[in-house]
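A.B. asks: Starting from the known structure of chain A, arrange chains B, C and D on it as the hints suggest.
Residue numbers (the working numbering), protein chains in the order written: chain A, 1 to 298; chain B, 299 to 617; chain C, 618 to 915; chain D, 916 to 1249.
These aren't lab readings, by the way, just hints derived from the structure by calculation.
You may find that some hints are simply not true.
The calculated EDC-like cross-link candidates involving lysine to aspartate or glutamate, where the alpha carbons are at most 16 Å apart (straight line), are [as the list claims (entries may be wrong)]:
1) A/K27 with D/E934
2) A/K30 with D/D933
3) D/K1025 with C/D907
4) D/K1003 with D/D989
5) B/K558 with D/E1155
6) B/K307 with B/E363
7) D/K1180 with B/E534
8) A/K208 with B/E405
Below, a sample of chain D positions facing chain B; criterion: calculated Cβ distance under 8 Å [unchecked claim]:
9) E958
10) T959
11) I987
12) Q1107
13) D1129
14) E1135
15) F1170
16) P1185
17) I1186
Quick list of simulated restraints, FRET-style, between CB atoms [what the hints assert, rightly or not]:
18) B/E573 with C/I738: 54 to 62 Å
19) C/D665 with B/E573: 53 to 61 Å
20) D/Q1064 with C/I738: 42 to 50 Å
Just so you know, even glycine gets a beta-carbon here, dropped at the ideal spot from N, CA and C.
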Amino acid sequence: MSTPTTTTYEKHTLNTKKKSQWLDVWKRLKKSRTAVIGLILILVFLMLALFAPFIADYEKDALGMNVKERLQSPSLTHWFGTDEFGRDIFARIVYGTRISLFVGIISVSIALSLGGTLGAIAGYYGGRIDNAIMRVLDVLLAIPTILLAITIVAALGASILNLMIAVGISNIPGFARVVRASVLSVKDQEYIESARAIGARDHTIILKHVLPNSMAPIVVFATLKVASAIMATSSLSFIGLGIQPPTPEWGNMLAGGRAYIRDHMYIVLSPGLAIVLTVLSLNLIGDGLRDALDPKLK
Amino acid sequence: MSKIILEVKNLKKYFDSPKGKLHAVDDVSFAIEKGKTLGVVGESGCGKSTTGRVILRLLEATDGEIFYKGVNIRKLSAAKMRELRREMQIIFQDPFSSLDPRNTVSEIIEEPIILNKLIKNKKQRFERVLELMDLVGLSRRLINTYPHELDGGRRQRIGIARALALNTEFIVCDEPVSALDVSIQAQILNLLKNLQHKLGLTYIFITHDLSVVNHFSDDVAVMYLGKMVEKAPAEELFSHPVHPYTQALLSAIPRPTLDKHEKIILKGEITSPIEPEPICRFANRCRYAEDICRREEPQLETVEGEHEVACHRWRELEG
Amino acid sequence: MLIPVMLGVIFLVFFIISLTPGDAASMILGDGATEERIIELRDDMGLDDPLIVQYGRYMWDLLRGNMGDSYSTGRSVAGEIVQRFPNTFKLTVTAIFLSVLISIPIGVISATKQYSLFDNIGMILALVGISMPSFWTGLILIIIFALNLGWFPSGGMKGIMSLVLPAFTLAIASTASITRTTRSSMLEVIRQDYINTAKAKGVSRRKVITRHALGNALIPAVTVIGLEFGILLGGAVLTETVFSWPGIGRLMVESIQRKDTPMVLGCVIIFSLSFSIVNLIIDILYAYIDPRIKANYT
Amino acid sequence: MKDHILEIKDLHIQFNTDEGVVQALNGIDITLERGKTLGLVGETGAGKTTTALSILRLVPRPPGEVVRGSIILDGIPIMEQSEYEMEKIRGKTVSMIFQDPMTALNPVIKVGEQIAEAISIHQKLSKEKSLAKAREVLELVGIPGNRMQEYPHQFSGGMKQRVIIAIALSCSPKLLIADEPTTALDVTIQAQVLELMKELKQKFHMAMVMISHDLGVVAEVCDDVAIMYAGKIVEQGSLEDVFLRTKHPYTEGLFNSIPNIDDRKAELIPIRGLMSDPYNLPSGCPFFDRCDYAMDICRTEKPVKHSFSDTHFTECHLYTAQPEFSLKSKKTKE
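Just chain A, with the same shape it has in the complex (with noise of 0.2 Å):
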């Protein structure tokens, strides 16, 4: 009762202006030492796929190969070290994140919209449709995701766009799971009652006061969904079903380089370390953006 953290009290402030909420969001994000590393990390990267061609040539860096400089440890001239063809590892590890935070981005997108609108309508609509939704989803995550996507490409074939429907249908269920969660958390609230009360009809509710209410878990959630998409694609292209090579992509790099581990073991560091990064970066934001957007939880 009496600890101050229970208590809102009015903040003496003289509004004259509308703040936006979204503002405030960032200004606890930023308190967050760790969410800051995360975004000057991702930041980085989004940097080195925009910018690639301005560091490294396609053609000739990332693809070209030369015999004569293969396997070569890491030097002023190849900052990561030549591959197994005598590519230069730093400039396909930048052309690299191309791929990745595409893939990583729409297949969430896909996910997020299909499996969104099906766990929107579960949670606000209830009864008959809800079951039916969910039943469905049952079967699918009975499946883990991985092996549902892995299923997906290996009928399909292996391409980008097959990998980005595989990965983005495999994490159907869970942004159906969370936004049904979400808004049925919403739902109960006396808001929802109160709009109706003045004549609010269905879809001025869900858009209005339902949706904005029940971004938080969906934003937080799909970040990390993300991370976990980008070590997806990684994950299929090593074992040959995701990207295929010569195309450079973390994951099939780390699959040519396998082979010389013994002797030459940078060749799977950093494209490894690029992985790791990037899905920490994005981990680290999720992380800061959970807590910022719900400060209770401190």
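C.D. replies: Chains B, C and D only, in chain A's frame:
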């Protein structure tokens, strides 16, 4: 009798539960005159809040009729009902969860005006919001704050302003002060009373707090497990309670005075509201219960004038 | 619940696999087959029947323990799976035990000493742990412990020593996420009123944690252990590939490469079945640790 | 010199949070005789619960910090005990009942074991003997002994509160602290629980601190009353002192805010405004901006204790300036 604004006949609301139908409101009837307050009291699970929501069709009734100004609103289309919502409003118990946390005070208050297309001009609408804020005693400088920055009392004022934003004539007040501290509670009660005089509002005042209901209502209905067990003008009910449950309830209120009074301590388990048998639902805890109470369901009978009670033995006990 | 979900899973996977381009008959017969032979075999295998009929036939066979024959080796799929399954079982069960054994104590200590050095380091490690792809971790562990230190074999399945690296690789990610869940649910629980009740009656600090808090905090932790098991099964596919572990995961990858659809189908089904059975066990476990759930069953 | 079970002197507690420092308790003095009951009354944020928790030394640290002050419980200086010694005091010398019976019991432990736990800790009994004793206590609070094996979710709210009382009383403490024990309950159930508590208090000869926002509950159970506002006790005295000879304007305001069930026409006179921001308490009297009697001095200087008798005192400038002062009106009649 033309002054009746709302009349409810044989209202029933059953919920599905895993163990069968839960009889939340079971055959309740009453009427309210314009400008008056009907207090509905009872303990948790008696169906008082459900009654309020069913009247506004926030929940659809299982059976029964609800007449608002002579129109049976249970038969209205969704569009017609939306029109009627301009006159029938609700104030919620929890000032924390009844306001959308993502909207500012002004957005919350003007939402009903926009939705019902009452004032199209933006500037006039802003004027109206300020006017409403003045009316409920909210300082104008709070117009762009968010509900979570304000205390419970102010939040409740926002809820009241929102309910008054339309051409409101009838308000269901669902425990509007029970989440508030005593000193704030008195502020809100006085506000609601002044508004009633000023705007000629009709209230259904739902509460578990008998002292509040006595202070506030013209008529009082006591509910127990979905049933209305006693109804009378407030003065009559508090000076002359007839139903054993009402008596126990009245005696149980802790009074802030030094003279001690005898309390009726109830014993026995509360009957389950799921698929209840057609007997007196209070019989398990009633010290006067006899065979008949466990055999037949008592019906409302007139004690005197407007005073009604549903008890098999009230005549004997009175005598 | 198990049976309808499994029926759904088998149907779904059957449907996905049927999307595989290419003709099974010509694949089995190889390049030199005549048109007639192919048509004959198609007819034999019922490949021209509607999908649902093929599914019915497959289910009928499955009920009698027949999962068809491998396209590439001609051996019985069921036989192959039965032979390989114990290896995957050994690996995943060791990994989950490792995870639980490490993560629960760390999670509990972290929560009771929130913001201490132990907690901070533990949480950073956990975050890094969930950000590392298992196939990369596997390679790094091989480089360090097999190639350089020579403590453990780098692959294959010979004796208990060969289990160490793959089991650890597989356990890292789930250890990290179970630790995180245990910590956060522990933090949630120690703020509950009943913890104050326990303290107020003079229960010692240690007993408050072990007797009053842990029992409640385990409820969400157990959920995550169930989910992690699914992720672990998916991870087995990669880990088995990296360590040449003769389990179902590696069998599946090889079968995909050989376009051996009956074998792939068999592998996915056995993985999903294992996951579903684990979830069933988790559900039963729930009833033991949470009396409120038991009430719902009876 | 009377024999006191509890003596709190000049207790100051603050909470150091990210948003700033909350001065939760600003010099609390409480003395309580053995066997007597003190009602601690105030609104949300007044510091009632913090006071209660500080007696068991259960104020969460951090963010809580005891700035200064002392608490003597049954002759033991609480602030100077080790955590181990405190564990022996909690549940045995003093125990506490929390506000919300729905959350105060451990959902995964049988109620019988929850009661027996305290007994086995403090009386060093075997498991069987503790359980047997727990059964007695459970029956004492009016619950059949055969419900020992059940879990909390199988009990109704009122029954849960009885179990919590049973836990608190299982080792016959000398002081019981009850934090709003009936607020979450329905009126008729509240009456049952209050009746039970009064009965048990007699039986065990316990002293009790009863925290409540409800003056009605206090009137029924307590011998003395302390009114808290913004971390201070603004008025304290016997029930008669505070109810009949009200001195502090805030106390008067509380009485005038309660609807009188026996007089439906009586007007409510609310206290205007809100409680001061606890992050930023005023330098003078914290009630100053809500007080109808406020004087210039109230703005700048903290009021000091003014005694009217051995038992009755208030902290208000009105009486230092004019000793004969009396408040305008108190609506509630006797």
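A.B. asks: A separate judgement is required for each hint: does it hold in the structure or not?
C.D. replies: Comparing the hints with the structure gives:
1. A/K27 with D/E934: Since the Cα atoms of A/K27 and D/E934 sit roughly 14 Å apart, the hinted pair holds (cutoff 16 Å).
2. A/K30 with D/D933: Distance of about 15 Å is within 16 Å: holds.
3. D/K1025 with C/D907: 11 Å, holds
4. D/K1003 with D/D989: OK: D/K1003 and D/D989 at ~13 Å, within 16 Å.
5. B/K558 with D/E1155: With Cα atoms ~13 Å apart, B/K558 and D/E1155 stay inside 16 Å; holds.
6. B/K307 with B/E363: Roughly 5 Å between the alpha carbons, so the hint for B/K307 and B/E363 holds.
7. D/K1180 with B/E534: 14 Å, holds
8. A/K208 with B/E405: Measuring from Cα to Cα gives roughly 12 Å; hence the hint holds.
9. E958: Interface hint status for D/E958: holds (4 Å vs cutoff 8 Å).
10. T959: D/T959 check passes; min Cβ-Cβ to chain B is 5 Å, inside 8 Å.
11. I987: Constraint on D/I987 not satisfied, violated at 31 Å.
12. Q1107: Holds - the Cβ of D/Q1107 comes within 8 Å of chain B, reaching about 6 Å at its closest.
13. D1129: 6 Å, holds
14. E1135: 5 Å, holds
15. F1170: 7 Å, holds
16. P1185: The hint holds - D/P1185 has a Cβ within 8 Å of chain B, the shortest such distance being about 4 Å.
17. I1186: Holds, about 4 Å.
18. B/E573 with C/I738: 54 to 62 Å: 58 Å, holds
19. C/D665 with B/E573: 53 to 61 Å: Check passed, 57 Å falls within 53 to 61 Å.
20. D/Q1064 with C/I738: 42 to 50 Å: 44 Å, holds
Hint 11 from the earlier list is the only one contradicted by this structure; the remaining hints agree with it.
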